[in-house]
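A.B. asks: Read off the chains here:
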Amino acid sequence: MITAFYWMLYICGGIVAILFVIYIYLLSQKAIDNAKKRRLAVRRERLEPLVLSYLKEGESYRSIYHGDVDDLKVLKDVMHEYSQLVSSVDQQGRVQELAARIFTEPFRKMMRARRYSTRMNTLFAIEELRIYTLRYDVQERLETPNLEPLEVHQLYRIMAVLDPDELLEMLVDPNREPLPNFMYRELLLKIDEEMFWTFVERMDGFPPLLRLCVIDIIGNKRDFRYLDTLDHLLDSEQAEERIRALKALARIGYVRDSQHLIQRATAESWPERMMAVKAMGAIAREEFISVLQNAMRDSSWWVRTASAQGLLRYPNGPQILRTIAETDEDRFARDMAREWLEARQ
Amino acid sequence: MIETLKDIALTGFTVINNFIFIYVSISVIWYFILFFVAAIQLRKTFGLEDKTPYRELLESSFTPPVSILVPAYNEEAGILPSVRSLLAINYPEYEVIVINDGSKDRTLEFTIEAFQMKKVQKAIRKSIKTQEIRDVYVSEVYPNLFLIDKVNGGKADALNAGINLSQFPYVCSLDADSVLERDAFLKVMKPIIDSDGEVIATGGSIRIANGCKIERGEVVDIRLPDNKFAIMQVIEYMRAFLMGRVGLSQHNMLLIISGAFGVFNKEVIIQVGGYLHSTVGEDMELIVRLHEYVKDRKLKRSIIYVPDPVCWTEAPEDTSILRKQRSRWHRGLIDSLWKHKNMFFNPRYGSVGLISFPYFVFVELFGPLVELLGYVFVIVGIAMGKVYLPTAMALLFLTFLNGSILSLGAVLLEEWSLRKYPRVSDLNKLCLWALTETFWYRPLNTIWRLEGFWQFLKGNQSWGEMTRKGVSK
Numbered sequence: 408m409i410t411a412f413y414w415m416l417y418i419c420g421g422i423v424a425i426l427f428v429i430y431i432y433l434l435s436q437k438a439i440d441n442a443k444k445r446r447l448a449v450r451r452e453r454l455e456p457l458v459l460s461y462l463k464e465g466e467s468y469r470s471i472y473h474g475d476v477d478d479l480k481v482l483k484d485v486m487h488e489y490s491q492l493v494s495s496v497d498q499q500g501r502v503q504e505l506a507a508r509i510f511t512e513p514f515r516k517m518m519r520a521r522r523y524s525t526r527m528n529t530l531f532a533i534e535e536l537r538i539y540t541l542r543y544d545v546q547e548r549l550e551t552p553n554l555e556p557l558e559v560h561q562l563y564r565i566m567a568v569l570d571p572d573e574l575l576e577m578l579v580d581p582n583r584e585p586l587p588n589f590m591y592r593e594l595l596l597k598i599d600e601e602m603f604w605t606f607v608e609r610m611d612g613f614p615p616l617l618r619l620c621v622i623d624i625i626g627n628k629r630d631f632r633y634l635d636t637l638d639h640l641l642d643s644e645q646a647e648e649r650i651r652a653l654k655a656l657a658r659i660g661y662v663r664d665s666q667h668l669i670q671r672a673t674a675e676s677w678p679e680r681m682m683a684v685k686a687m688g689a690i691a692r693e694e695f696i697s698v699l700q701n702a703m704r705d706s707s708w709w710v711r712t713a714s715a716q717g718l719l720r721y722p723n724g725p726q727i728l729r730t731i732a733e734t735d736e737d738r739f740a741r742d743m744a745r746e747w748l749e750a751r752q
Numbered sequence: 009m010i011e012t013l014k015d016i017a018l019t020g021f022t023v024i025n026n027f028i029f030i031y032v033s034i035s036v037i038w039y040f041i042l043f044f045v046a047a048i049q050l051r052k053t054f055g056l057e058d059k060t061p062y063r064e065l066l067e068s069s070f071t072p073p074v075s076i077l078v079p080a081y082n083e084e085a086g087i088l089p090s091v092r093s094l095l096a097i098n099y100p101e102y103e104v105i106v107i108n109d110g111s112k113d114r115t116l117e118f119t120i121e122a123f124q125m126k127k128v129q130k131a132i133r134k135s136i137k138t139q140e141i142r143d144v145y146v147s148e149v150y151p152n153l154f155l156i157d158k159v160n161g162g163k164a165d166a167l168n169a170g171i172n173l174s175q176f177p178y179v180c181s182l183d184a185d186s187v188l189e190r191d192a193f194l195k196v197m198k199p200i201i202d203s204d205g206e207v208i209a210t211g212g213s214i215r216i217a218n219g220c221k222i223e224r225g226e227v228v229d230i231r232l233p234d235n236k237f238a239i240m241q242v243i244e245y246m247r248a249f250l251m252g253r254v255g256l257s258q259h260n261m262l263l264i265i266s267g268a269f270g271v272f273n274k275e276v277i278i279q280v281g282g283y284l285h286s287t288v289g290e291d292m293e294l295i296v297r298l299h300e301y302v303k304d305r306k307l308k309r310s311i312i313y314v315p316d317p318v319c320w321t322e323a324p325e326d327t328s329i330l331r332k333q334r335s336r337w338h339r340g341l342i343d344s345l346w347k348h349k350n351m352f353f354n355p356r357y358g359s360v361g362l363i364s365f366p367y368f369v370f371v372e373l374f375g376p377l378v379e380l381l382g383y384v385f386v387i388v389g390i391a392m393g394k395v396y397l398p399t400a401m402a403l404l405f406l407t408f409l410n411g412s413i414l415s416l417g418a419v420l421l422e423e424w425s426l427r428k429y430p431r432v433s434d435l436n437k438l439c440l441w442a443l444t445e446t447f448w449y450r451p452l453n454t455i456w457r458l459e460g461f462w463q464f465l466k467g468n469q470s471w472g473e474m475t476r477k478g479v480s481k
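Listed in order, the protein sequences are those of chains A and B. Our numbering applies: residue 408 is where the first sequence begins, and numbers increase by one. Our numbering applies: residue 9 is where the second sequence begins, and numbers increase by one.
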């Protein structure tokens, strides 16, 4: 046991020693960090006016950046702030142009750095400052095997801002891993109107998940230009596509052909009926009232509650609900009408 | 005859001593493994920008909305600042549901008055059975703030009532006396969104708010408390969260998401039947049940811990309350494990059944028992004189390694990765206090947890009253 005692003594002593070294290291790190912060603040005072005058008067950018690491960090912060501050397209262009001149070379290296956080922060900056000179690097980087999902997502985000045409080709490429839903939506929201129109036109050839996301975004945009597309989608063979199209119509609040919508209210699945009822509530046309009244007796709680809610959006909705609450033969319809009338008060 | 008895006693002493030695050594090795896994993982994200990736979530209309459930039983001291902090979080769409679980104080009146709440008739879907709901209120100032007044039924029941009222696909349980960081929700929801729903539950970190300066529901200055019990809890929470959970979470082996700050997929919770009433460890029990549910149906779902978002909460500074809390936690732990004992070493439940379940049973559950024995043997060994001194000292060193040194490691790990405490003096203080752990805080905890053990055996299921001062000014 004496040996055990010595062993424990050594182990504890050793670990305490190691931790002590780590402690000293962290303490000095803290000091170095604080000193660095002060140093950067000084650099910033020198650099900020230079950047400003370049943006205003187009002075030579050569005086701004000489390859210093600290300067790079300060410039990144300053440019980031400006890119969020300036609003006119012209000024945005100038910020991006300067950013491309300064950052292209350093970022080309940093986006391939070994440290995960360096790579990611660089990718965030490339997107934020739209450094278009790096678009091929980004595309190439996407071909690297075994990247972390978050990094892949960020690379796609950059593609959406820098090269949406190429992005489209990548998304429809069957050899690539499909992206998660939220990524598709995010990318579709990032591209401009014109490009999105192209996406909608080509959506027949899209993978199913991407198609659904395009429909979601159409609803999100609330643009009448896409009404025909939605109308067409109401007859899709895929139930999920019909549901999403109904949801989009509900958000837009308009439909060309009322009858088309009414047909969907008798669909087999309750989610589809519910969405149809919701759309009718949002569009609020006279011809939907009787359909909604019928839906109050639906076997699904969700459809009933949606139709009660929908009826309340009509001027005479409360009156209709009151009649249902008092005289309807269906107990569930009466209950639902009563609950919503009470909730309204 | 006496000689033989003495021999037997001494052999017994040596055998038990060796057993304790091996047991503690294994648990130390296990903790070191967790420590290294956590260190690598935490360091990877160090220095990562934490605004840009979340801005899109904040602006997107597709970020799933969340219902925040705040069960409150006698929380008049802390409920208002807590709700205020929730109303100011950065998140696109959410509702806050305060559930007054039959409080005996003025929790209900305070809340109604402060937020101008009026009664509403709301159609509630009774997905989970709960105690009777007396009234539902909505705020006239904040349309996304609701209040349920219900008959007392315990924390689990209150949460279930909140789930029934909630309108959104994700629910978050939150303690009434805690303050959330502004971006905490975006950060804790991100893994759920990133995984397209494969992640069914996430939990953030809990830290101790004592000593911090909190104004209008926001932590403005992070400082250490002066009370020694509070400081020890600061260290303890660092150790529990950073060291314990990061490693387990990576391999989907997490058995606890703290009830004080966790987000869940509502549909799944309803499918497993909601929180369980008959346990004091309802937060842990739910996670164990979720694992069981997922594995039984062979689904690909995971439960994740996110270290960065922090929920600041008030720690008890007084031993009698701390003692009740610890014995209750231990009862909850035993209860959760006992209710799902079929998962123990069951290959059907994969790494949860083969690694994390046994870990919780051997290290967490029986730990205090062996530790107590260890403390006794150290004292006995020293008392028995020279021959046994080395044995006793070796054991003492090992206990020191298991307690103080690992805690010191946790403090350094925090400084290395998250750096929430800006002052150098705070770091020094934390390190020094961590080293004292083995000599007073840990033995106390061991005893309190053993009390929990004893209470479990006796069948005690009460929560024990908890008085609070309130964290916010």
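It is worth saying that the hints were derived from the structure and are not from the lab. Among these hints, one or two may not hold up.
[What the hints assert, rightly or not] Sample of chain A residues with no beta-carbon within 12 Å of chain B, all distances over it, derived: (1) Gln498; (2) Glu547; (3) Glu593; (4) Ser643.
[Claimed, not checked] Derived SDA-like pairs: lysine to any residue, alpha-carbon spacing no greater than 20 Å straight-line: (5) Lys444/A to Gln258/B; (6) Lys443/A to Lys130/B; (7) Lys52/B to Arg720/A; (8) Lys394/B to Ala411/A; (9) Lys444/A to Pro73/B; (10) Lys130/B to Ala411/A.
For each residue, glycine too, the CB sits at the ideal point set by N, CA and C.
A.B. asks: State for each hint whether it applies.
C.D. replies: Right, here's what the structure says about each hint:
no. : hint                 : verdict
1   : Gln498               : holds, 21 Å
2   : Glu547               : holds, 23 Å
3   : Glu593               : violated, 6 Å
4   : Ser643               : holds, 21 Å
5   : Lys444/A to Gln258/B : violated, 34 Å
6   : Lys443/A to Lys130/B : violated, 57 Å
7   : Lys52/B to Arg720/A  : violated, 52 Å
8   : Lys394/B to Ala411/A : holds, 15 Å
9   : Lys444/A to Pro73/B  : violated, 38 Å
10  : Lys130/B to Ala411/A : violated, 69 Å
Hints 3, 5, 6, 7, 9, 10 from the earlier list are contradicted by this structure; the remaining hints agree with it.
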